[in-house]
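S.K.: What follows is the residue order along each chain.
2 protein chains.
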Amino acid sequence: MSLEMDCLPPKRGIAPSCIATEDDLDRLEQHADWILKEVGIEFRGDQEVLDLFQKAGATVDGERVRFDPGHAKALCSTAPEKVTFCGRNPVHSIELGSDSVCMSPGYGSPFVTDLDRGRRYATIEDFNNFVKLSYLSPWIHHSGGTVCEPVDIPVNKRHLDMVYAHLRYSTKPFMGGVTAAFKAEDSIAMARIMFGQEFMQNNCVIQANINLNSPLVLDQVMSGALKVYARANQCNFISPFLLGGAMGPVTQPALIAQAHAETIAAIALTQLVKKGSPVVYGNFLTTLDLQSGAPTFGGPEASLGIAVLGQLCRRMQLPLRGIGHVTAAKSADGQAMQESADSMSAAIAAGSHIIFHAAGWLEGGLTMGYEKFMLDLDRCGMVCTLVKGLEITDEGLAKDAYLESGPGDNFLSTKHTLRHFKAANYRSPLLSDTQSFEQWSECGRVSAEQRANLAWKQALQDYKDPGIDPGVDEELKAFVQKRKYAMPDEWH
Amino acid sequence: MSLEMDCLPPKRGIAPSCIATEDDLDRLEQHADWILKEVGIEFRGDQEVLDLFQKAGATVDGERVRFDPGHAKALCSTAPEKVTFCGRNPVHSIELGSDSVCMSPGYGSPFVTDLDRGRRYATIEDFNNFVKLSYLSPWIHHSGGTVCEPVDIPVNKRHLDMVYAHLRYSTKPFMGGVTAAFKAEDSIAMARIMFGQEFMQNNCVIQANINLNSPLVLDQVMSGALKVYARANQCNFISPFLLGGAMGPVTQPALIAQAHAETIAAIALTQLVKKGSPVVYGNFLTTLDLQSGAPTFGGPEASLGIAVLGQLCRRMQLPLRGIGHVTAAKSADGQAMQESADSMSAAIAAGSHIIFHAAGWLEGGLTMGYEKFMLDLDRCGMVCTLVKGLEITDEGLAKDAYLESGPGDNFLSTKHTLRHFKAANYRSPLLSDTQSFEQWSECGRVSAEQRANLAWKQALQDYKDPGIDPGVDEELKAFVQKRKYAMPDEWH
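Residue numbers (my numbering), protein chains in the order written: chain D, 197 to 688; chain F, 197 to 688.
Watch out, some of these pointers could steer you wrong.
[Unchecked claim] DSS-like mimics (lysine-lysine), calculated; alpha carbons at most 25 Å apart, straight line:
#1 F/K471 / F/K233
#2 F/K595 / F/K278
#3 F/K584 / D/K233
#4 F/K471 / D/K595
#5 F/K471 / D/K233
#6 D/K611 / F/K611
#7 F/K584 / F/K595
#8 D/K278 / D/K207
#9 D/K611 / D/K207
Just so you know, the hints here were simulated from the structure itself, not pulled from any lab data.
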């Protein structure tokens with residue numbers, strides 16, 4: 197199968213879970229309304245945003261914005277139900293919404309780690325490597341954003357090299373800069389060089405991930421970026437960042453309602469900036485170790501909360517973003533794989549249309565692991581297989597196999613098994629060693645991490661440049677150079 | 197919280213998944229009927245069983261039994277929808293069926309392993325240890341069966357020491373011997389010493405796990421044990437053992453239909469032996485690595501198959517047995533924890549009322565790991581928390597926390613957080629290390645397995661003997677001694 201054929205995201209064939217009843221959901225929406233009316237949300241340092249809300253009928257008191265019950269939700273109603281997110285190669289375009297399930301790698305880590313060199317600050321070389329590994333994987337459908345922080349490049353210029361890498365080394369959809377309005381503008385300007393101004397007026401080719409400054413705050417950095425993306429008709433992903441007990445109460449019902457309130461308030465803002473601009477309902481909700489204050493991942497409370505947020509999102513008829521293979525573990529050990537598996541399963545149960553942090557995460561996002569990345573890619577493949585569900589066909593019911601092989605017989609050599617031998621199961625994942633104890637011992641007890649270490653090196657060797665129009669490449673490089681000259685280096 | 201309070205199994209508050217449509221389920225039932233009519237099931241070496249089926253109207257041809265469509269299912273209709281499974285301490289009695297979710301440890305392993313002594317043949321001391329660890333855990337509700345093979349005891353006498361250990365060191369429900377009719381009879385005789393003949397006529401206190409000799413065979417060893425348990429009105433768990441491609445076709449729809457056909461044929465037999473005797477619909481369905489022929493666990497195909505079997509079981513209105521933390525890995529590493537997590541999640545999605553192999557499994561069941569056991573117990577706790585679902589209460593919505601802490605504030609010190617501090621989240625599991633990289637490095641990068649190593653030793657030290665009536669204990673010991681004297685040792 198060619199890379200292009202193989203990379204299509206799966207269509208969901210299994211229903212999301214319904215943890216909460218319709219009455220529960222009503223009550224949670226009412227509580228979100230109570231929060232929005234009685235407490236409100238602060239939009240800090242951005243008068244334009246406050247003016248937009250005041251004009252729309254919200255109550256603005258200083259930087260605090262309060263909404264009458266139902267008002268914030270009503271303001272969201274112009275957001276589209278589905279978003280087509282175009283890749284540079286149209287075969288990599290993805291649809292967000294309805295029955296889609298797409299995967300995107302981890303992002304935001306200042307460190308990287310691998311078995312050879314250990315944990316260290318990330319560089320642009322690491323960044324390019326992760327873009328290439330995501331490009332190669334049939335189970336990753338979106339190139340991510342700051343897949344790791346290239347700390348060898350000044351902080352005010354990194355976004356230029358990162359956007360260049362996504363556009364140059366991959367052809368999958370990606371995320372642009374958000375940590376300052378000028379970074380958002382630069383990102384969109386570079387996308388325009390690739391896709392053209394006219395195309396981008398009607399098509400989404402780049403996105404922002406807008407994290408709220410939870411609890412109940414959106415600051416001018418985030419609202420600045422949000423406005424840039426919305427005005428360019430590009431997609432805003434809105435994600436509260438909630439660690440229960442710190443950025444909100446420690447009980448899930450409150451956290452869910454708060455996350456919903458924060459999300460719909462910021463989605464409302466996207467629609468006030470530009471009606472009909474594409475938006476995705478996001479979440480980042482997890483628990484704290486209440487002894488140490490450190491975030492924990494994959495726990496049952498967060499899984500339930502995330503599933504219920506998915507139900508609230510379906511009521512809004514908006515695309516949903518989840519988070520995937522996340523963990524607090526320092527290496528790709530048992531803790532890492534269990535926490536990651538459980539977090540991803542929660543995102544799937546929630547009905548997520550796109551799942552960020554699907555590969556590489558360690559240490560609560562502080563580190564991208566090369567080996568963890570490869571192991572996670574494999575589980576993305578398994579999840580993509582699972583989520584398609586089960587098709588019942590005559591061929592799958594295998595009458596001929598039973599007529600060939602009877603009670604007590606082995607089915608391995610039946611014609612039916614031979615016909616399905618190659619495609620029946622997800623190919624043995626990297627993680628999985630099925631050798632006997634004796635074979636495994638004789639072969640030096642090779643760990644999954646060690647297998648993954650060879651795999652990422654081989655993958656980088658196998659990377660085939662997707663190519664780029666030389667004129668476009670020159671224009672992109674000239675833009676990056678011009679912008680870099682225009683600013684003094686900033687390192688903090 | 198006392199051990200007794202804490203050990204109650206959770207009540208399921210989240211719905212099982214519905215992978216297959218009602219039409220799909222009809223088609224799978226029809227295919228099971230086709231298998232039962234056109235291929236049939238062989239009941240080998242047991243004329244009484246063949247006579248029972250012939251008398252009930254099935255077509256018997258040699259040892260092959262064929263059923264008209266709907267006949268096998270109709271014969272199952274007298275099996276009860278729920279089973280109350282009594283523990284020696286009534287607080288440990290469990291209900292199988294409806295909204296129950298119970299956990300039981302792994303069983304069947306000839307080897308054990310721990311970090312200190314490595315992998316070795318299991319002994320009765322190991323057996324007793326695992327019974328004690330299960331007894332101590334609030335997340336294990338059933339003591340298991342052959343939790344490991346005590347290979348230091350002759351093969352024809354082990355069942356006596358194993359049943360004694362379950363009765364003596366635990367007060368939870370358990371599984372008796374099945375690998376010969378006399379072992380089944382001994383097991384039941386020992387249960388009668390503890391519970392009394394009269395009580396056992398109307399109450400289930402011991403169970404058999406009847407694995408079919410898949411494909412489509414039940415031999416006289418298994419049917420012999422099945423008859424003994426059914427006649428004593430004790431519970432038969434019926435579980436086909438299917439590795440797709442070997443004991444059945446490689447495609448899931450066929451495997452599901454075959455598993456269903458095998459299960460209902462054997463359940464029908466329990467009802468012909470004793471109408472209304474308790475029975476549980478089991479499954480053990482997984483994939484093969486088709487390159488090596490080795491079993492694989494936690495894969496997406498098996499997860500889908502298991503979920504659909506759960507739907508077929510719900511149509512039968514019978515209690516469902518699933519399998520939990522199973523893996524092909526040789527140690528409690530990333531592979532072990534991911535495969536285990538995914539297998540257990542599939543059992544939960546399927547709606548299982550009791551989940552076997554919930555703790556300890558390594559190497560496809562060849563080895564019980566002490567450290568794996570402890571790590572699995574913790575995930576059982578998380579799963580038991582998850583499956584209860586989410587309750588929305590005023591207290592959980594935390595209005596007072598929002599009135600105390602506003603936008604941008606930290607919620608850690610609110611009165612609401614302090615009220616819920618202890619009980620809000622599942623306590624930090626053993627597996628999970630939430631330290632910073634620096635702390636973790638300074639502390640010697642202690643792994644989850646190392647933490648678990650300390651934990652099982654501590655638990656065995658903490659074990660408190662539940663006590664036993666001295667007269668009953670004497671009678672049990674005398675029975676064991678008498679039976680051991682009556683047979684020469686057999687070691688194979």
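S.K.: None of the hints should be skipped; say for each whether it holds.
M.R.: Okay, the hints, checked on the actual structure:
1. For a cut-off of 25 Å, the pair hint linking F/K471 to F/K233 stands: about 23 Å separates their Cα positions.
2. With a C-alpha separation of about 41 Å, the suggested pair F/K595 and F/K278 falls outside the 25 Å cut-off, and the hint is violated.
3. The straight-line distance between the Cα atoms of F/K584 and D/K233 is roughly 32 Å, outside the 25 Å bound, and the hint therefore fails.
4. With a C-alpha separation of about 33 Å, the suggested pairing of F/K471 with D/K595 is violated against the 25 Å cut-off.
5. Our distance criterion of 25 Å between C-alpha atoms is broken by F/K471 and D/K233, whose separation comes to about 63 Å.
6. At roughly 68 Å between alpha-carbon atoms, D/K611 and F/K611 are farther apart than 25 Å, so this suggested pair is violated.
7. Simply put, F/K584 and F/K595 have alpha-carbon atoms about 24 Å apart, close enough for the 25 Å limit, and the pair holds.
8. Restraint check for D/K278 and D/K207: the C-alpha separation of about 14 Å stays at or below 25 Å, so the hint holds.
9. Of the pairs offered as hints, the one joining D/K611 and D/K207 is violated, with about 30 Å between alpha carbons and a cut-off of 25 Å exceeded.
Consistency with the previously given hints fails for numbers 2, 3, 4, 5, 6 and 9, ordered from lowest to highest.
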